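The listed protein sequences derive, respectively, from chains A and B. Numbering follows our numbering, with no gaps: position 33 of the first sequence is 21. Numbering follows our numbering, with no gaps: position 50 of the second sequence is 56.
I should point out that these hints are in silico values taken from the structure, not numbers from a laboratory. Check the hints yourself; a few may be wrong.
[Claimed, not checked] Looking from chain B toward chain A, a few residues come up when the C-beta cut is under 7 angstroms (computed):
| id | residue |
| --- | --- |
| 1 | Y16 |
| 2 | E62 |
| 3 | I66 |
| 4 | E107 |
| 5 | A108 |
[Unchecked claim] The following residues of chain B were derived to be distant from chain A, with all beta-carbon distances above 12 angstroms:
| id | residue |
| --- | --- |
| 6 | V10 |
| 7 | R20 |
| 8 | Q43 |
| 9 | S55 |
| 10 | Q112 |
| 11 | V118 |
Here the structure is a predicted model, which means the values were calculated and not measured. Glycine included, each C-beta is placed from N, C-alpha and C at the ideal position.
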Amino acid sequence: AQTVTQSQPEMSVQEAETVTLSCTYDTSESDYYLFWYKQPPSRQMILVIRQEAYKQQNATENRFSVNFQKAAKSFSLKISDSQLGDAAMYFCAYRVRRRGSEKLVFGKGTKLTVNP
Amino acid sequence: DVKVTQSSRYLVKRTGEKVFLECVQDMDHENMFWYRQDPGLGLRLIYFSYDVKMKEKGDIPEGYSVSREKKERFSLILESASTNQTSMYLCASSFQGGLAEAFFGQGTRLTVV
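Isolated chain A, as found in the complex (with noise of 0.2 angstroms):
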């Protein structure tokens, strides 16, 4: 079975610093995609990052980008010049396809605060 594992169940930063969410996950595919969602205190997840497996440039979006290490099966988060609005829990998953069905498989969170 596929897991992806948060280690850090909360984590804080002061506003404009630098922060890295951690996320390890276990699987035996060869191809799959990696995501972080977030959460905000409303409760709608939406998507921060994603990445391809097969691709070994880590992905970036805007403040937000990930370390992508296949051999290690890591893939971290990190948030540059933090702001408030980024308060929230970030979710890793994981998503693979097998026989035509594809299984998104989440982790336990990460809440991060962001102190001004």
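Go by the hints and put chain B onto chain A.
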């Protein structure tokens, strides 16, 4: 805008009742998912579907069933609700294709008393 709508925001049911949670998406997505979210446990996959009448068990299917009779609608059924099914339930949908973004509903807070 993509919209994933869950029928209720809050629901209170009695132990032993049959409970239906409805989810409707308006983007013609093939994939639909049901998760439950509990503090400290993250999102756990209950069931998912990649086509009408097709369903697959997720990681915690016990005590639940699903129905997908139409492409836009995915229902989660608690055959006999129990107190340990008190939780936040999230529905999501996406196109097929590995990098496709999943869109989430606003969630249903179910309390079983």
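A quick look at each hint next to the structure:
1. Below 7 angstroms, beta-carbon pairs count as interface contacts, and B/Y16 has none with chain A, the closest being about 12 angstroms; its hint is therefore violated.
2. Nearest Cβ of chain A to the Cβ of B/E62: about 5 angstroms, under the 7 angstroms cut. The hint holds.
3. Because the closest C-beta pair between B/I66 and chain A is about 11 angstroms apart, greater than 7 angstroms, the hint is violated.
4. Checking B/E107 against chain A by beta carbon gives a least distance of about 5 angstroms; that is within 7 angstroms, so the hint holds.
5. Taking 7 angstroms as the C-beta cut-off, the interface hint given for B/A108 holds, the closest approach to chain A being about 6 angstroms.
6. Against the 12 angstroms criterion, B/V10 falls within the reach of chain A, whose nearest CB is about 10 angstroms from its own CB.
7. In this structure B/R20 is separated from chain A by more than 12 angstroms, as the shortest Cβ-Cβ distance comes to about 25 angstroms.
8. Remark: the non-interface label on B/Q43 conflicts with the geometry, its nearest Cβ contact in chain A lying 9 angstroms away (cut-off 12 angstroms).
9. Distance check for B/S55 against chain A: the nearest CB is about 8 angstroms away, which does not clear 12 angstroms, and the non-interface claim fails.
10. Chain A draws B/Q112 into its interface by the beta-carbon criterion, the shortest separation being 6 angstroms against a cut-off of 12 angstroms.
11. Distance check for B/V118 against chain A: the nearest CB is about 20 angstroms away, which clears 12 angstroms, and the non-interface claim stands.
When the structure is compared with the earlier hints, violations turn up for hints 1, 3, 6, 8, 9 and 10 and for no others.
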